[in-house]
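The primary structure of each chain is shown beneath.
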Amino acid sequence: MANYPIVQNKEKARGNVFSAGGFYGRKTPVRGKELWVEKVLMLSASLFILAILLITLFIFAKGIPLIAKTGLTDFIFNTEWNPTKNKFGIGTMLVGSLAVTLGALLWAVPLGLITAIFMAEIAPVKVRDVLGSFIELLAGIPSVVYGFFGLIVVVPFIRDNLGGSGMSILAGAVILGIMILPTIINISRDAIRAVPEEYKINSLALGATHYQSIWRIIVPAARSGIITAVVLGMGRAIGETMAVVMVTGNATIIPDSILSPVRTMTSNIVLEMGYAAGDHQAALFATGTVLFVFIVLLNLIINISAKAGIKNAHR
Amino acid sequence: MNSIKIRSHNLNVFYGPFQALYDINMDIESNKVTALIGPSGCGKSTFLRSINRLNELIDGVRIEGQIYIDEKPIYARDVDVVALRKKVGMVFQKPSAFPMSIYENVAYGPRIHGIKDRRVLDEIVEKSLKAANLWNEVKDRLKAPATGLSGGQQQRLVIARVLAVNPEVILMDEPASALDPISTAKLEELIAELRCNYTIVIVTHNMQQAARVSDYTGFFLNGRLIEYNRTEELFVNPRDKRTEDYITGRFG
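The listed protein sequences derive, respectively, from chains Z and U.
Every letter in the first sequence is one number past the one before it in the numbering used here, and letter 70, counting from 1, is 342.
Every letter in the second sequence is one number past the one before it in the numbering used here, and letter 170, counting from 1, is 173.
Only chain U is shown next, with the shape it has when bound in the complex (with noise of 0.2 Å):
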């Protein structure tokens, strides 16, 4: 099953004067994890919050091209916005656990779009939480403040979260970088869980985290897509000098 998920085509992106992207042109393929790497500043993080539009939220920014999920403009002018970031979730890098309940946290996003029954709500807390790798550690106190789970646990309830509203692609953002290494592993075999059923869109600053975690990698570098290949291909047998130098630690 080789289907496009995501495709951006020329996707361009002003901040105010400066341009963070250039002509990106990219097929992401659907359950799957892509990873996005390059130098900080390189655009990986804009392309990613290209996808759910999250980008719109900065003042002066302006986006040219098209990113398409399954064949769908998701910049044309019909689109509603709220139904895109539904089935577009994303984990960002601080794990952010809202000052609310275990339980409420993975209620949130089910309760916004309309779901009330309790029974139903109840179902889909304890199927998202499990999905998380996250239930064992928490089914005794989810009337418990979520903010008192440790640093991994939160991104793994932020993952929960994102999984209650059933999304078909997960973005994350550095997902792992506020973590430590045992957190980092668990999050990392929870992505490898994941990508049975979600098309995982990853941003790292971790090579080494890319190259276990990922079927295919992109390298950015100043705001152009460089290099993109399945990932054993781009760090065995890297094709631009400039990803090679990359990879191999020359500079960045």
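The following block holds chain Z by itself, in its conformation from the complex (with noise of 0.2 Å):
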């Protein structure tokens, strides 16, 4: 058993040896058109930062002057929101956004989890292989769908079932909770599968069940990597639009209760986008600013969480 992956690493090294060679071969003559090469792809890339850069400046300089002018605290904590008044308070659409989202992880992710866990440690292949494809299935169902499937057969059901017009939290979290599985699933297990196989060994060899082993080293030893899939998750949940814009009703209330409609803050720019003007419009702006930050703010902990992750590793 031991000698198979020193026989590996021959074949590796082997292979490595060859491109090598071909690689270095074939440079020397075309190194001129190699510039080239390189020049367009720094151009390319700089042409990407460029096109983040305008759009970030563009949405603060028509966001800022509005929040200046209402005030940051009052801007974001105010519910009340009366555009024709001049009254611009997103307070409610900030609890409607964190209440779906919050609504959506907290059953989509230990769902999951779970069928990661499922996928990369205890499926046969075959299982493994059909579910893969279903995962792909569903993230490739555009957000329109999801809303419309939302709206045909999420919101009845709440409406004949729980009370209440069905256009609610619940519903919102519930489809948005389906389009973030797939992106919790595919990288949590990506992170499960990438833990040295040699931990679960040790485990074994050690007497440990093999759910002992999932459990206590293997999940742990995936943790950056699964929080990073949460954080996804939930970015993605967050700055969903479509398919909440048509389930939660839209109504810029304080709900009191999962079955209550409430607007987000995506919902709040896509609903009134089409006719707003003058202060109105640098209100919506002045939403997506926030959204902006937010999402910003969730990358940065996506970072240092995946820099930690991998300190730890090589520790």
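Any given hint might turn out to be false.
[To be verified] Listed next, the in silico BS3-like pairs over lysine-lysine satisfying Cα-Cα at most 30 Å (straight line):
no. : chain 1 : residue 1 : chain 2 : residue 2
1   : Z       : Lys-472   : U       : Lys-130
2   : U       : Lys-75    : U       : Lys-142
3   : U       : Lys-119   : Z       : Lys-472
4   : U       : Lys-146   : Z       : Lys-579
5   : Z       : Lys-472   : U       : Lys-189
6   : U       : Lys-133   : U       : Lys-189
7   : U       : Lys-90    : Z       : Lys-472
8   : Z       : Lys-334   : Z       : Lys-357
9   : U       : Lys-35    : U       : Lys-130
10  : U       : Lys-119   : Z       : Lys-579
11  : U       : Lys-97    : U       : Lys-133
12  : U       : Lys-133   : Z       : Lys-305
13  : U       : Lys-142   : U       : Lys-130
14  : Z       : Lys-472   : U       : Lys-244
15  : Z       : Lys-398   : Z       : Lys-334
16  : Z       : Lys-472   : U       : Lys-75
17  : Z       : Lys-472   : U       : Lys-133
18  : U       : Lys-189   : U       : Lys-244
19  : Z       : Lys-472   : U       : Lys-142
20  : Z       : Lys-579   : U       : Lys-142
[To be verified] Far from chain U by the CB rule (all over 10 Å, computed), these chain Z residues:
no. : residue
21  : Leu-319
22  : Ala-340
23  : Leu-366
24  : Ala-395
25  : Ile-473
26  : Leu-476
27  : Leu-478
28  : Ala-480
29  : Thr-481
30  : Ile-489
31  : Ala-493
32  : Asp-551
33  : Val-565
Hints in this document: simulated from the structure, not taken from any laboratory.
Yeah, the Cβ is synthetic: ideal placement off N, Cα and C, and Gly gets one too.
Both chains come to you apart, so use the hints to assemble them.
What follows is the structure in structure tokens.
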């Protein structure tokens, strides 16, 4: 058994020698052409960065003046949104976005994590492949279709069985949860698969069962990848618009139960963008600014947690 | 005290259509170090992994014959694999500390076997680390991540982790092949100390190492046990031509 890895390494090493030879062999005669390619690649990358910077600048330039006029805390925490009376407070939408996102995470994270563990550790290859293609399918469905499904199936179900109009936090959380499942499953499954096989074998050799090894060694070792999965899922949930607009009712009120309708920040922008002008339009950009900062903060958390993970692995 | 700890009886192991071991009959003595030597792919690691039933994790493996530990068959239907692996610890080629603290690494085994009392765990951790000759190097940083230890220290940590579940047999699969000479010397010293309390079976590619640490040596070739004898006997007066060729470096 112990001899297999050595043989594989030898083969790998030989492969590398060949490809390295080919690479260097070709490099010298076409050096000029390669310089060109490098320049083109660099230009593309710069354009991309420029585009991001411009978008950021634009959103901030349009949004910041209104936030300054209203006052930052007033804009974020005031619950009155009444553009005709020049009242711009997105407090209800902040609560709406958080409520729908949290609701989605609450059920999609445990389910996604368990599915990921099942796929990485327990499922036979065939089952794993079938599940994998279903998850890919799930990830490929356009959000408007999810919204439509929510409107036709989830909303009436909630209305008939739990009361209210059905357009609610709950409906949003159900649909959003389904939408972020592929993200959570795929990323945490990859993280679990990346855990060195030796950990598991060592744990089993100590007399641990497969389940003990999974919960006490493998999942903790994949922790930073799992956190990344959750944060990315959260980012997707908070930024999702179309499906949410269709199922949450979009009322600018502070919800009193999970059956209350809510409006999220993204919904607010898409619902009013068509006819807004002047300060009203600026307020929508300001909503976008808040959302933007929110998502940047989330990304920061990902990076920090990922770096911490790398440090842990190499210490 | 010449008691037999492990008895292999007509053991055949197949990986799919490939037969890795042929009729292995081998008695391994209690509280001795038994070395298994032989060229790569000769089946010595397969034999080692048959003793704690770790071979079963490989797809398509088939095992015939029987291994007895303390005269009890380990490939019987009613055998509890968890209890077997608790009794038969294993150290692998690549030092592999779990990504947690030094303390938690050693406490892991006792914890999964149901020990929760903090004081008992503290005691086991200290005793195991001392027995693995690692205590003095790590006693001030038990809470530090174990992955920060050197390869040699990690290998001794792995041994401490194995000792913590109180095994009777310790299997070692080329435990020093990833270590530098100084760490190797420390490991061999440790093996010499451990032989008083444990039955040790060690697979090694290094014949000097086999000669230094073991009481008995078995020579494997192409899935067969060619020769098995007291270590001095086997190295000084090999009975089989193939053993002689191997230990004098004529092939392998």
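Now the hints, each set against the structure:
At most 30 Å may separate the alpha-carbon atoms for a hinted pair to count; Lys-472(Z) and Lys-130(U) meet this at roughly 25 Å. Of the supplied pair hints, the one linking Lys-75(U) and Lys-142(U) is violated, its CA atoms being roughly 39 Å apart against a limit of 30 Å. For the suggested pair Lys-119(U) and Lys-472(Z), the alpha carbons sit about 22 Å apart, so the restraint of at most 30 Å is met. With a CA separation close to 21 Å, the supplied pair Lys-146(U) and Lys-579(Z) stays within the 30 Å bound.
Restraint check for Lys-472(Z) and Lys-189(U): satisfied, since their Cα atoms lie roughly 27 Å apart, inside the 30 Å limit. A distance of roughly 13 Å separates the Cα atoms of Lys-133(U) and Lys-189(U); the hinted pair therefore holds under the 30 Å criterion. Distance check on the hinted pair: Lys-90(U) and Lys-472(Z) sit about 18 Å apart at the alpha-carbon level, within 30 Å; holds. With a C-alpha separation of about 20 Å, the suggested pair Lys-334(Z) and Lys-357(Z) falls inside the 30 Å cut-off, and the hint holds.
Straight-line distance between C-alpha atoms of Lys-35(U) and Lys-130(U) comes to about 22 Å, which keeps the hinted pair within the 30 Å bound. Under the criterion of a C-alpha separation no larger than 30 Å, the hint pairing Lys-119(U) with Lys-579(Z) is inconsistent with the structure, at around 33 Å. For a cut-off of 30 Å, the pair hint linking Lys-97(U) to Lys-133(U) stands: about 22 Å separates their Cα positions. Annotation: proposed proximity of Lys-133(U) to Lys-305(Z) is violated, straight-line Cα distance about 64 Å (limit 30 Å).
Proposed proximity of Lys-142(U) and Lys-130(U) is supported: the alpha carbons are some 11 Å apart, at most 30 Å. Taking the CA atoms of Lys-472(Z) and Lys-244(U), the gap is about 41 Å. The hint is violated against a cut of 30 Å. Under the criterion of a C-alpha separation no larger than 30 Å, the hint pairing Lys-398(Z) with Lys-334(Z) is inconsistent with the structure, at around 53 Å. For a cut-off of 30 Å, the pair hint linking Lys-472(Z) to Lys-75(U) stands: about 27 Å separates their Cα positions.
Of the supplied pair hints, the one linking Lys-472(Z) and Lys-133(U) holds, its CA atoms being roughly 25 Å apart against a limit of 30 Å. About 34 Å separates the Cα atoms of Lys-189(U) and Lys-244(U), which puts this hinted pair outside 30 Å; it is violated. A C-alpha spacing of about 27 Å is found between Lys-472(Z) and Lys-142(U), which places the hinted pair at or below 30 Å, so the restraint holds. Using a Cα cut-off of 30 Å, the hinted pair Lys-579(Z) and Lys-142(U) holds, with the two alpha carbons roughly 29 Å apart.
Annotated as non-interface, Leu-319(Z) keeps its C-beta farther than 10 Å from every C-beta of chain U; the closest such distance is 41 Å. At roughly 47 Å, the least C-beta separation between Ala-340(Z) and chain U is larger than 10 Å, which holds for a residue marked as non-interface. Every Cβ of chain U is farther than 10 Å from the Cβ of Leu-366(Z); the closest lies at roughly 38 Å, confirming the non-interface assignment. With 10 Å as the threshold on Cβ separation, the claim that Ala-395(Z) sits away from chain U holds: the shortest Cβ distance comes to roughly 14 Å.
Taking the minimum C-beta to C-beta distance to chain U, about 7 Å, the non-interface status of Ile-473(Z) is violated against the 10 Å cut. A cut-off of 10 Å between C-beta atoms contradicts the statement that Leu-476(Z) is not in contact with chain U; the least separation is 7 Å. Look at Leu-478(Z): its CB is around 5 Å from the nearest CB on chain U, not clear of 10 Å, so calling it non-interface is violated. For Ala-480(Z), the condition that its CB be more than 10 Å from all CB atoms of chain U is violated, with the nearest at approximately 5 Å.
Consistency note on Thr-481(Z): stated as away from chain U, yet its beta-carbon is not over 10 Å from all of that chain's, at 6 Å minimum. Taking the minimum C-beta to C-beta distance to chain U, about 6 Å, the non-interface status of Ile-489(Z) is violated against the 10 Å cut. Interface exclusion of Ala-493(Z) from chain U breaks down, the closest Cβ pair being 5 Å apart, not more than 10 Å. Consistency note on Asp-551(Z): stated as away from chain U, and its beta-carbon is indeed over 10 Å from all of that chain's, at 54 Å minimum.
No Cβ of chain U comes within 10 Å of the Cβ of Val-565(Z); the nearest lies about 34 Å off, and the non-interface call holds.
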